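Heads up: the protein sequence lines correspond to chains F and G, in order. In terms of this note's numbering, the first sequence has 385 at position 97, counting the first letter as 1, and numbering is strictly consecutive. In terms of this note's numbering, the second sequence has 145 at position 147, counting the first letter as 1, and numbering is strictly consecutive.
It is possible that part of the hints are untrue.
In silico BS3-like links for lysine-lysine, alpha-carbon gap of 30 Å or less [claimed, not checked]:
(1) G:K7 / F:K441
(2) G:K268 / F:K319
(3) G:K11 / F:K441
(4) G:K198 / F:K424
(5) G:K115 / F:K400
(6) F:K424 / G:K236
(7) G:K68 / G:K235
(8) F:K424 / G:K235
(9) G:K268 / F:K424
(10) G:K236 / F:K400
(11) F:K424 / G:K27
(12) G:K120 / F:K424
(13) G:K68 / F:K441
(14) F:K400 / G:K268
(15) F:K441 / G:K27
Some, not all, of what chain F presents toward chain G, calculated at C-beta under 7 Å [said to hold, decoys possible]:
(16) D355
(17) G356
(18) K539
No lab work stands behind these hints, which were simulated from the structure alone. The model shown is predicted, which means the values in this text are computed figures rather than measured ones. The beta-carbon is built from N, C-alpha and C at its ideal position, and this holds for glycine as well.
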Amino acid sequence: MIINGVTIDETFAEAFPMKGTRLIITAHNAKWAMISAQAFTGFATSVIACGCEAGIERELDPNETPDGRHGVAILIFAMGGKGLAKQVETRAGQCVLTSPTSALFSGLDGEKDMALGQNLRFFGDGFQISKVIDGKRYWRIPVMDGEFLTEEKTGVAAAVGGGNFLVLAESQGQALAACEAAIEQMRKIPNVIMPFPGGVVRSGSKVGSKYKALNASTNDAFCPTLKGQTKSELSPEVESVMEIVIDGLTKEDIDTAMKVGIQAVCDLGAAQGIRRISAGNYGGKLGPFHFHLQEIMA
Amino acid sequence: MSSLRFSLKAAPKQRIDCSPLTPDNLADKSLTEIAAIELVVGNTTARVDALFELTDGDSNTIVFANSDSKLDFIGRNMTQGSISVQGDVGAYLGIFMEGGEITVNGDTGIYTGCEMKGGQIKVNGNAGDFVGGARPGRRNGMTGGMVIVTGNTGARTGDHMRRGFILIEGDAGDYCASRMISGTIAVLGDCGAHLGYGMKRGTILLTQMPSRGITANFNDCGSHTLAFLPLMFASFKKLDSQFANVEAFSRVQRYAGDLAGIGMGEILVKI
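With the hints as constraints, model all of the structure from the sequences given.
Next comes the structure, spelled out in structure tokens:
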């Protein structure tokens, strides 16, 4: 398959099941809601070392938030419910509770739920106040700038992590420009995040390593400087490869995000130095969800 | 299908225990079976059809017409359905109620919503003492649900109240929120003496400073913007009540008490 001079490889991305939730952070204004959300989603690019993958889904207008203030919706994913609960609690405690004027709400009603502010309330040292409004329990925790309001629980959903595609370009600048164009379009899709810096990862990994201590290492088949040293997947004219990783609440959400992302890259086309679109395919070792590029773009 | 209707034939001389006449108890009963139910009247009993004129209808929506202040225990233990009352009712309206709705177009006696756990009671009139309270000797009043009173309430509103809402569009009587454990009482009118007497936790929300002021057992914590108030007012929007029309506010003067006890309760007065 070729779109606008860009070859779409006959391959697929592999993804794995995760647990996820959506949280809504509000604050005195959009600036401080974003600061709090950025702190919460910091150091959350990959479960390999961060314990979770998190990102900003979108900004929310005051009429979309529970307390009528500016807000930000974030998605956070982990490999299991317990790991997710731990990450949510520590990040909420250190990054949202501490953030001036913030409030924290659940943004997802799942079949199961987990603690959000349920344990943060103990920071109130006995002065915390519970309020049940419309069947949901909230905690008012006295803090130095007033009160920190948080919902007691948030829903947990079965989710999908690790959807991806690779952009193969003639130069580093062209690969980056294509990925930026893709991310701009993909951020319009609900229920997904691209957890890496700016949504783009330049250090795609393969499963395993020559070093026993590591369970992932550089994806040498797609490293342009190793074209003559390893069993490379790259043709001579490809000088840079970048990857976009997508986590989503459902497989369909990731399908949609991949389609608009790949389309944005292909719109730049061969004329802008884009040669191929491929995907992280690890021979079925990684996960049960397979995203076939040509089927998505058909 | 129209409502199942109980129209009182004559003003009773003795109090009548109406607790068997709920949607839960009357489900799947024929009109004949309902007519034969024996109600406790004073120190004796009487058949339903001896006291009420019955009109067959959906037992999930019950109407008491020509009601009287001697009809006690209406809606006791009900979990679903609705009861509408035309006229006054007696004591213990909606006691132990877990769900459904009761609407009274008249005044209620003492212990309205006593120890209720869920559902909604709307009194289009005045309510007696101990709204949402606990029975004598008991330590937990209402633990959920909502009581709306369009008129005034008597003394000891929310006595021992543990959870839920009591919304008073008129005035609250003396000792409002006495011994309150938690929950929320909101008053659009004035409050009587000894507001929050023995209050442990919970919130009294007022749109105006009480004419008698705040008692010395409450300390002024200053003026604040509280984020939970807009959420609470948003939840009132769906109610058939003046509270649905109250313009949401979050700026309040906060008083903490009763400091003669643990002092974790609060009175919030709109500023």
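Evaluated hints:
| no. | hint | in the structure |
| --- | --- | --- |
| 1 | G:K7 / F:K441 | violated, 52 Å |
| 2 | G:K268 / F:K319 | holds, 29 Å |
| 3 | G:K11 / F:K441 | violated, 53 Å |
| 4 | G:K198 / F:K424 | holds, 22 Å |
| 5 | G:K115 / F:K400 | holds, 24 Å |
| 6 | F:K424 / G:K236 | holds, 16 Å |
| 7 | G:K68 / G:K235 | violated, 34 Å |
| 8 | F:K424 / G:K235 | holds, 16 Å |
| 9 | G:K268 / F:K424 | holds, 24 Å |
| 10 | G:K236 / F:K400 | holds, 27 Å |
| 11 | F:K424 / G:K27 | violated, 36 Å |
| 12 | G:K120 / F:K424 | holds, 22 Å |
| 13 | G:K68 / F:K441 | violated, 45 Å |
| 14 | F:K400 / G:K268 | violated, 38 Å |
| 15 | F:K441 / G:K27 | violated, 42 Å |
| 16 | D355 | holds, 5 Å |
| 17 | G356 | holds, 5 Å |
| 18 | K539 | violated, 34 Å |
When each numbered hint is compared with the structure, violations occur for hints 1, 3, 7, 11, 13, 14, 15, 18.
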